[in-house]
Amino acid sequence: MSAVLYDVPGPRGRARNLLIGVVGTLLLLAAVGFVVYRLAATGQFAGRLWEWIEFKNIQLLLLDALWNTLRAFAVAAVLSLLFGAVFAAGRLSDHPWLSRPSTAIVEFFRAVPLLVLIFILFFGLTKGLGVQITAFWAVVLGLMLYNGSVLAEIFRAGVRALPRGQSEAAYGLGMRKTQVMTNVLLPQAVRSMLPTIISQLVVVLKDTALGFLILYPELLYQARYLGGQGQLGSPILPVAIVIAAIYIAMCLLLSLVANVLERRTRRSAKAGPVDPGAPAEGLVLAAQAGSRDA
Amino acid sequence: MNVLLDNLGLYGTAFLGTIELFVVAAIGSLAGGLLLAGMRVSPVPVLRAFGTGYVNTVRNTPLTLVFFFFAFAYPRLDILDLSFFTRACVALTVYTSAFVCEVLRSGVNTVPVGQAEASRALGFSFGQTVSTIILPQAVRAVVPPLTNVQIALLKNTTIAAGFSVFEAGGIYQRLSELGYNVLVGLLWVALGFLILVVPLTLLQRRLEATWSVSR
Numbered sequence: 001m002s003a004v005l006y007d008v009p010g011p012r013g014r015a016r017n018l019l020i021g022v023v024g025t026l027l028l029l030a031a032v033g034f035v036v037y038r039l040a041a042t043g044q045f046a047g048r049l050w051e052w053i054e055f056k057n058i059q060l061l062l063l064d065a066l067w068n069t070l071r072a073f074a075v076a077a078v079l080s081l082l083f084g085a086v087f088a089a090g091r092l093s094d095h096p097w098l099s100r101p102s103t104a105i106v107e108f109f110r111a112v113p114l115l116v117l118i119f120i121l122f123f124g125l126t127k128g129l130g131v132q133i134t135a136f137w138a139v140v141l142g143l144m145l146y147n148g149s150v151l152a153e154i155f156r157a158g159v160r161a162l163p164r165g166q167s168e169a170a171y172g173l174g175m176r177k178t179q180v181m182t183n184v185l186l187p188q189a190v191r192s193m194l195p196t197i198i199s200q201l202v203v204v205l206k207d208t209a210l211g212f213l214i215l216y217p218e219l220l221y222q223a224r225y226l227g228g229q230g231q232l233g234s235p236i237l238p239v240a241i242v243i244a245a246i247y248i249a250m251c252l253l254l255s256l257v258a259n260v261l262e263r264r265t266r267r268s269a270k271a272g273p274v275d276p277g278a279p280a281e282g283l284v285l286a287a288q289a290g291s292r293d294a
Numbered sequence: 295m296n297v298l299l300d301n302l303g304l305y306g307t308a309f310l311g312t313i314e315l316f317v318v319a320a321i322g323s324l325a326g327g328l329l330l331a332g333m334r335v336s337p338v339p340v341l342r343a344f345g346t347g348y349v350n351t352v353r354n355t356p357l358t359l360v361f362f363f364f365a366f367a368y369p370r371l372d373i374l375d376l377s378f379f380t381r382a383c384v385a386l387t388v389y390t391s392a393f394v395c396e397v398l399r400s401g402v403n404t405v406p407v408g409q410a411e412a413s414r415a416l417g418f419s420f421g422q423t424v425s426t427i428i429l430p431q432a433v434r435a436v437v438p439p440l441t442n443v444q445i446a447l448l449k450n451t452t453i454a455a456g457f458s459v460f461e462a463g464g465i466y467q468r469l470s471e472l473g474y475n476v477l478v479g480l481l482w483v484a485l486g487f488l489i490l491v492v493p494l495t496l497l498q499r500r501l502e503a504t505w506s507v508s509r
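Protein sequences, first through last, are from chains A and B.
Residue numbers are given in our numbering: position 108 of the first sequence equals residue 108, and the series is strictly consecutive.
With positions in the second sequence counted from 1, the corresponding number in our numbering is that position plus 294.
For reference, chain B alone in the conformation it holds in the complex (with noise of 0.2 Å):
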């Protein structure tokens, strides 16, 4: 207990940390999902072959080589000086993304062709078509999985603190130089994450019971 108690601080930054770091890459990776599923499904060859390349390297891509590449790497090529943290979100988002894409992407193909080609006959426009029958379809197939999506993501900001961003994985190293046990702080640092994943988790199964379409 005095672990925590003692370095209530430290935890308070370093889970704030982490919830930056999750909310950052996680719009980044909706944005960036969203662009990659659009190109997936578009009706342009070539697009649909970057966004088929994009996720089919970076899914077999672990997510601490993405970091290694931000972190090491990327320094070399001089573009833009980038702070840590900045590059941290960058890789999360890289990564997550081509997650995003996939789960967006089997959305839109649950929606059976027959109900597009109803509402085109029946004379709505492409706009008309993917707002008022296709998205409303897609949506119950596509947030439950994307709720795991982002669990996954929030989990593996953790990897950042290999890599000189602080937050909730580098916690123990501040307390091994102050000398504290670092089992019982990693325990607590379990704890936390029991916290933040467990109420998502949660609503991930609720939406998938009440969501869920027979057809």
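Only chain A is shown next, with the shape it has when bound in the complex (with noise of 0.2 Å):
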């Protein structure tokens, strides 16, 4: 294997790799061999902190848990999509009364963070003026607030990424300005961009923990409420293994989509990522846009 930085190792690299390998490996086991230990040694394994699991009453909280954040995630994934798309369309719009709000809005909500749009949103609105907002619509939105804005930023990222003849054909077929983005360039975009929207999905998906610190009951919540049970022996650590293996294989089945579908669009040329040696990639939109500032 000739790699940029190491070329195919002869007798002498390839006992130096073997050494540094098996140093390597005794090193990993080490550190992995401490914290079992410590497990151990602390009484995480025993049966009494996993009986939990057992209990019928526990496992329909678990899942209700499960639902709640599957929920939050659904309805924030969609509303993010939505919101992406209507201010994706506004900041490459030729109007720069709808341009530059759009650009303003997008911009202050990617660079505020996540948590503060929450708390904004749960304990802000609520005691300041008084509208009362749920916990779960404190999260979807603020949620939607802040994807939508990065989704936005990847749509039109991928819509400047069309060759520019694409707009052209369809200007000169009589297409009007909306016909081109909506049956032109957005199903285009959107096709190959699908990879990095499911990723900021996932990202989605992870996030809804942070309903944790506005207490809306989604897993984290629940792996908190059951980890402090003494009748159950506080079983936080077992407790937060089992959490974590449920988010780390949801997360994982997501970003696998995005692989597979990333790994498709790349064996097939027609919509795989612009070449980028083809001439000055969205220009044409930047020249019909005009004022938007690039």
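Keep in mind that the hints were calculated from the coordinates and are not lab data.
Note that this is a predicted model, so its numbers are computed, not measured.
Incorrect hints may have been included.
To be verified - Sample of chain A residues with no beta-carbon within 12 Å of chain B, all distances over it, derived:
1. N57
2. I58
3. L61
4. D64
5. R160
6. L186
7. Q188
8. L194
Claimed, not checked - Which chain B residues face chain A? A few, computed with CB under 10 Å, are given here:
9. M333
10. N350
11. R353
12. A367
13. A455
14. V483
15. V492
Even glycine gets a Cβ: it sits at the ideal position worked out from N, Cα and C.
Make the complex out of the two chains shown on their own, each in a separate frame, by following the hints.
Here it is in structure tokens:
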């Protein structure tokens, strides 16, 4: 294997690599072993701390928590896709009165930490204005504002990366601006950006865990509750391990979809990412949008 | 306006806490990311597998969960008694390292193999190849996305507020106790983050514009 950094190793190189491999393996095993030893020494593997898994009520509680997480994820994902599409279209608009506010909104929500947004929605609006917003909607709307803004940037990048011939041909056929965008540019942009979009949805799924901090009863919240139950032996570590496994499995599944899609788009030349050698990507749109800042 | 002026000291210490967390975790994550990236591009299969496994696991774990682990579960292991601040730094470092690693790795991979092969053919040693051929080219592909990762880290420090570390994300609690308008207080926090993040974003855009290599 010849990589950028290393040539195909010779006999001395192979011996050295083997040595590094053995020492590295030992170090990693020592680290893992230490953690397992500490887990065992503090009695985390004791059957009593894992008994909670067998209780039906707790299983139902966790299922309910999982449902709350997935519900928030699903609603937030749909809303952020909508938000992203609307504001991407807004930023790509020819009209400064549309593109400038869209740019400002997208930039603002990308710069403010998501948690601060959620706090503003939950504590700020409730205590400051007296508008009652449930924890669910605070999480969902926060996720929508932040991830929607990021998705808007992704959509915009996708549209701008299309070869200019696409929009030229569409205009040449006599399509209107809206038609060019909705019938020609957006479908192609979405297709080529699909892996990136799905990766962003993984972020949405991960960030639903922020609901824990405003006491939205999702997985982490219930984990904290279960972990503090004295009559179960306060099994916070076992609970955390199980919850982590659930989160990682869900996110890995979504990431896997993104990877598969990416490989598929790379294989089919038509929908693949635009050839970097192609002349001045998105120049046409930039010229049309005129006043829009780059 | 009153909310900010009456509590300037509060905002000051809070944002100082944020910046402290950010600086410590930024240094930690750069070091950790470099180590992981070194593993991921190394010719040793075991280290490569570990690097890949770490990155895939951590990138698919919510940061809140990492904090949860270090804040509530770690003390049960009785290893070392660390303050909440230190544990928050560790959590942020553990999480951000995976992202730094990916940026570094993909940066190294943007350098065409021919460049390294040519330098080896000219008789350059490994050190010379890396320092004079690969790194100067990889840096251009690395720095803009690395800035992005660090911006994300700066924003992520707010999560520490939920785990007993006083920083900008926790201002609202104090304001609420003091009876101030929380909405106004939080909008000032948002503005504070804008002031911190926007210069970094502008810097990142400039780097991206001036450093993008056409191949």
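We went through each hint and held it up to the structure:
Here N57 of chain A stays apart from chain B, with its beta-carbon at least about 22 Å from theirs, past the 12 Å limit. For I58 of chain A, the requirement that its beta carbon stay farther than 12 Å from each beta carbon of chain B is met, with the minimum near 18 Å. Consistency note on L61 of chain A: stated as away from chain B, and its beta-carbon is indeed over 12 Å from all of that chain's, at 17 Å minimum. The beta carbon of D64 of chain A sits about 19 Å from the closest Cβ of chain B, which is more than 12 Å, so the claim that it is off the interface holds.
With 12 Å as the threshold on Cβ separation, the claim that R160 of chain A sits away from chain B holds: the shortest Cβ distance comes to roughly 14 Å. For L186 of chain A, the non-interface assignment is confirmed: its Cβ lies about 25 Å from the closest Cβ of chain B, beyond the 12 Å cut-off. Once the 12 Å rule is applied to beta carbons, Q188 of chain A is consistent with being away from chain B; the minimum gap is 23 Å. Once the 12 Å rule is applied to beta carbons, L194 of chain A is consistent with being away from chain B; the minimum gap is 19 Å.
Checking M333 of chain B against chain A: minimum C-beta separation of about 8 Å stays under 10 Å; hint holds. At about 7 Å, the closest approach between the beta carbon of N350 of chain B and any beta carbon in chain A falls short of 10 Å, and the interface hint on this residue holds. Taken as an interface hint, R353 of chain B checks out: its beta carbon lies about 8 Å from the nearest beta carbon of chain A, inside 10 Å. Satisfaction of the interface hint for A367 of chain B is found here, the shortest Cβ-Cβ separation to chain A being roughly 5 Å, below the 10 Å cut-off.
Hint status for A455 of chain B relative to chain A: holds, with the closest Cβ pair at about 7 Å, below 10 Å. Taken as an interface hint, V483 of chain B checks out: its beta carbon lies about 6 Å from the nearest beta carbon of chain A, inside 10 Å. Interface hint at V492 of chain B: satisfied, since its Cβ lies 6 Å from the closest Cβ of chain A, which is below the 10 Å cut-off.
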